[in-house]
Structure formats: structure tokens, C-alpha cells
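Novice: Spelled out, the chains give:
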Amino acid sequence: MKSTRSVLLVARRELIERARSPAFIVSLAISVLVIGAVVVLPSLFAEGTRQVALIDAEATAMEDLVAAEADRAGVTVEVTHYADLAAAEAALEAGDLDVVVVADREIVWSAEPDSQLETAVESALFMANVQERAAELGLDPSAAAEMLAPADFTVRSLESVGSDIEARRLMAMVAMVLLFMAIAMYGAFVLTGVVEEKSSRVVEVLLARVTPRHLLAGKILGIGVLGLAQVAAIVAGAAVALRLTDDGAIEIPEISLGLVALLLLWFVLGFAFYSTAYGALGALASRTEDAQSATGPLTAVLIGGYFFVFITVAGEGSEWVVRLATLLPLTAPMAVPMRAATGELPVWEGATAVALMLIAIYGMIRFAGRMYTGAVLRTGAKVRIREALRASSDVE
Amino acid sequence: MLEFDGLTKRFGPVIALDGCTFRVHRGRITGFLGPNGAGKTTAMRAVFGLVRPDSGQVRWRGRPVGHRERLRFGYLPEERGVYPKMRVGDQLSYFGRLSEMSGTAADAAADRWLERLGLAERAGDRVEVLSHGNQQRFQLSLAVINDPELLVLDEPFSGLDPLAVDTMMELLREVAAAGAAVLFSSHQLDLVEDLCEDVVIIDHGRVVMSGRVDELRTTAEHRTLTVTVRGAGAGWLPDVPGATVLSESDGTVRLRLQRDTDPSEVIRVAGEAGEVTAVSYQPPELSELFRRAVQP
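Which chain is which? The protein sequence lines are A and F, in order. Residues are numbered in the numbering used here as their position in the first sequence, beginning at 1, plus a constant of 22. Residues are numbered in the numbering used here as their position in the second sequence, beginning at 1, plus a constant of 33.
Just chain A, same shape as in the assembly (with noise of 0.2 Å):
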């Protein structure tokens, strides 16, 4: 048979029987949803216009300056006029109001200040304390109007900075979280399809027909494409949410093609590199419960991996630390697509990074093949790294 075949046969097995599992079925929609509901919840608790109340004032003059101080701080706001203090309190304690202003005098909260409106209310009533001062001292008020207008200056950065570089960072952690979670989850998919071949001894049966090697690569390709098809399903999930809640009130960076692109890549790159780690180290354990031991060291690497990003990338490392996480093909799979994402990183970067990556892909995959197939036949107590390299030859 060709060896592709019987690869593509193992692979089919793995993507149909997932596939068909509750387990998975039920877990692909949860993570959907909670994509979603991350992306479209914010949009839905977003405070639209505030509730302002007057307490006796100059009405409309104070009205007016509530309106534009509001409107230079980027809130919309609709304002209320009561005659009596104890009124609007009661308001604003059943939440009906979300500040009352006692003209000229008080600001009343109903706990924390809504820092937005803050800013606005407050500038308000120092407006219209300045306009009385200036009033007092005879100033003509057009005149003090004129010197109380906004200044008029410019804005630059050194560095370009895009104007939603906020919701981009934000974008990049997502994009590191779900690579971390979708590459430890099929990972550990692949860690168990070869436990529960050893441990209900399938895989003699298994071996009398096909190749070890062949046996390892089918189910990582399978696994990985199911993978893959759960990641473009999260993604995709956040772009319509994405495109379904874009009203304009708050700033979301659109979801790129390439960033897409770049995502699916990573994934397989990362999940290549780990699953097959996690595949030969399965091989050594005969039960479940020593899977977990033969795999803590692999785990304990992409656990630390991830803070490591999460600490220098994400944080504040020094450039060469930073670039050390983006080659190293221990953190290539979260740092590149996080850096991509707030779009800092160099193009050469990133191709060497993707070098180096299937540099190391190949190597693990040599290595990986030799141990399983030295360790996968071997049941009973786990098997040592070392004696499943020496074993390996004792198989065809």
C-alpha cells in the first residue's frame, strides 16, 4: 500500500470518530459561544447616553455647557431638570439618572464616578463658576468666551501608532490565548489517541498492518485538521460578532485576512512541533494516569513558554529577549502571531521564525518516530526515553 494511503486512513479515522464524539461536538460549540458572547457582550452593557439632572439652575446656560463639555468628552448625554434635591436623589439611587448637579455648587454620584462624565460635569460647573467670576469682574462675556475657547494645537508621535493600537493589543493576547489553548488542547488529543491505543492494546492489531511512523503521522494529521477547523471556526465566530456589533461606539480593529492566515499557519506550526512531542512521549506510558507524568516536562515547557510571552511580548522585554521568544520554536507559536497582531513585527522576523519552526518540526519529528516506535509496543511499567530510542530498532 502507498504509504500516503494508509496515513490518510489513520488521519480519516481520527477526524470521523472525533468528530462524531459528543465531547468535541459539545466542546466546538462552547467555544463559539464564548467567542461570541466576548466579543458581543461588551457592546450590549456599553453605556449609551448618561442621564444628567439640573438642580435650579440658570436652566439653559448650564444646560448648554453640560452638552458641549459632554460632547468634548466623547459622551452623549441627556439632561433633566428637577426643582427638588431629594427628587433626583431618589432618581439616582434606583439608577434612573447617572449624576445629578446641584448648579454651581455639587456633584452627586450614586458611588463611583463615571470617569467620562466625570470629566464633563466638572468641567462644566468650572465653566460656568469662570463665565460668573469673569462677570463679576465686568468682562465683557463674548470677550471671555473668547479667551476660555479650547486651545488649538496638534498631536504627533515619534513612532506611528495606529489610532486603535489599544483594541490591537487587545486583539494579540486573544490571538495568543486561543493559539496556547488550541495547541495544549489537540495536543493533549493526540497524547491520548495514542494512550488509548496502548492501553486497550489496539495498536498490536494496529501494527500488524501498518507502520508505526505511519500510524504517529496519520493521527496528528487528523487531529490537526480537526484542529484547524475548530480554530477557523473560533475566528470566524469572532469576525461575524465582529461585523454584527460594529456600531461605531466603540473601536475595533477589523480582523485581517492575513491575521487570519497568519493564525491558521502558527496553529499548524505549533501544533506540528508540540502534538508530535506529545505523541512519542504517550508511547511511554501503558495507562492514562502515567501519561500525565511521561508528558508533565512537555507541558511545564508550553506552560512556561506561554508566561514567557506573556511577560516579555506582551510586556515589557527588552528587544532581544522579545526576539528571543519570536525565533525560539518553543514561543514562535504564541509570540509571532502576537506580535503580528499589534503589528510590530519585521518581515524577516517572521520568515525566520517560520525557518526555524520547520527546523525543528523535522528534527522533533525524526526523534519522535524513533521513540514511539520503540516505546509503543512495550505495555506494562513506563518505558525510559532512553530504552525506547535503543528499542526502536528491534522493530521493522
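For the record, the hints were derived by calculation from the structure and aren't laboratory data. Idealized CB from N, CA, C, for every residue including glycine. Heads up, a few of these hints could be off.
[To be verified] In silico SDA-like links for lysine to any residue, alpha-carbon gap of 20 Å or less:
{"id": "1", "chain 1": "F", "residue 1": "K118", "chain 2": "A", "residue 2": "R35"}
{"id": "2", "chain 1": "F", "residue 1": "K118", "chain 2": "A", "residue 2": "E39"}
{"id": "3", "chain 1": "F", "residue 1": "K118", "chain 2": "F", "residue 2": "Q172"}
[What the hints assert, rightly or not] One side only, chain A facing chain F, incomplete, derived with CB under 7 Å:
{"id": "4", "residue": "L31"}
{"id": "5", "residue": "E39"}
{"id": "6", "residue": "S222"}
{"id": "7", "residue": "R223"}
{"id": "8", "residue": "V224"}
{"id": "9", "residue": "E226"}
{"id": "10", "residue": "A230"}
{"id": "11", "residue": "R231"}
{"id": "12", "residue": "R235"}
{"id": "13", "residue": "L378"}
{"id": "14", "residue": "D416"}
{"id": "15", "residue": "E418"}
Given chain A, work out where chain F should sit, using these hints.
Specialist: The following block gives chain F in isolation, referenced to the frame of chain A:
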């Protein structure tokens, strides 16, 4: 014909196979006997590349066995294994596909074997919900799904109830009658004697006896004589040169005689001691050949 030619395999300090040489013929059933640890499983695994011999070769129809040949073989390992959560029909068909069958051929073969083994209605069930007996039958179907030219079974009778033993024997005869070579290991020597034309006995990794069961029995150097005598006192038995008493109880005596020793002398003495009610003179049973062959 399957040939094991000088197979040697060492696992660290343990010598599993030590120049193991024998043949398995097409259309015949060969019993593979030996004490635990004699190397039977290692030899069988070598057929499927699960063990790579240090030296020697396994050949099928004169050619070294490789991946292509193995796809036309069937194997039932000692450690039975299935995918417990996969459906019966899907799983059987999957193993057919892995044996180079096309999808439709594998599906058809799966239907046929499930029908043959009485599992047709269970095709859509997960294997883990089958009864123990049905799981054993399903296990067997995995080994024969590709209508193998060579069927190798490691302890196929262990753990089977008498009815399942009958089913298994019937199936092995059927497979051999269809022209396949069948090799199986067992400790149940009576079954082997019933079922096999050929037998191979292995000990410490070497073949100590092999050939056709009937020939091995008739060419054995001794015979078993059983005489039942009524009314004879203890110690009636004379010393006959070339005869050894194997057991004596209730007037029945079993003796081992050299092949050239005349049994009539013993029977004559027995007739003088009392009334002879039964006599049997036979070549040795397989179990006796086995014991003598593997004795240290």
C-alpha cells in the same frame, strides 16, 4: 509456504529465539507449542515486523516478508485489542481498508464476516457494549477481514468457552480449507491434536520437534500400553525389559514400551495374574511427545 529460517533474537540478556527454523504449509493448520517463554510470541511477532530478528529471515513463498506481504496476512495477537468506542461495522471495515482493500470491498467484507459470525445486527453498536463472547468473535473478525493467505493466531483458544472453542475450530478449518496457511499457538494439546495436521514444538527459542502429528506419533521411539486386570494382587507386574510403568491405579496399568518391545509378553503375564478386561496399545499422545520434547 511460510518459512522461518534461523531466526535469532536477543532482548538484553534474554535469548528469545535461537536459530528458530520451521515451515507452515498452505491449506494446513499448524499448531505451535512450547512452554511459556519458549519464544512463540516473539516468532509470531517477527512475521509482522513487530520484532526485528537479529539474524535469520521470515519468508513467504520464498520471498522475505515485507509490508506488502503482511497486508495479505491476518494476525490475532495474544493481547486482544479493539477500539472500544468505535462502531463494530466501521471498525471492521477500517481494518479492511488498512489491508489495502478498497472502501467498497472492505465494507462488503465487513458485512459478510459479521453475518458469518452472527454479529450482523450489532454492526451499528459500539464494540464496548458487546457481550464478552461477541467481543471475542469480533476480535477474530479483525484478523480475517482481508481473507488472509496466512493467518497467525497467538493463543486463540485462551479464555474461550466450549461453544466458542467449537466456533473457532470450525473457522480455522474453513480458512485452511480455502487454501490459507494457519499457524496458532496453544497450551491446549488436545485441541491441537484434534485440529492440526502439523505441529511445531519450540523450547528456549529452538525448534525441538516438528512435522505431521500422525508421523511424529508413529515414528516415536515408544508406545503406550494400557492394561486393565481384574482380580490381580498388587505387584503382579513382571520386569519386562524396555517397559516402564507410567501409572497404576484400580488394576489399570499404563506402561511405556520401546517401539521394538513386544507388548504380548506383558499381556500374557497380566492374563496369568487375573482377568484382562481391556488392553490398548497406541503410539504416544501429543501431550506425551510434548513433555518428552521440552524436558530439560
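Novice: Hints first: check each against the structure and report whether it holds.
Specialist: Against the structure, the hints come out as follows:
1. F:K118 <-> A:R35: holds, 12 Å
2. F:K118 <-> A:E39: holds, 9 Å
3. F:K118 <-> F:Q172: Holds, because 14 Å separates the two Cα atoms, which is no more than 20 Å.
4. L31: holds, 5 Å
5. E39: holds, 6 Å
6. S222: holds, 5 Å
7. R223: holds, 3 Å
8. V224: Holds, about 4 Å.
9. E226: holds, 4 Å
10. A230: Holds. Min distance 4 Å.
11. R231: At 4 Å from the nearest chain F Cβ, R231 of chain A passes the 7 Å test, so the hint holds.
12. R235: violated, 12 Å
13. L378: violated, 34 Å
14. D416: holds, 6 Å
15. E418: holds, 3 Å
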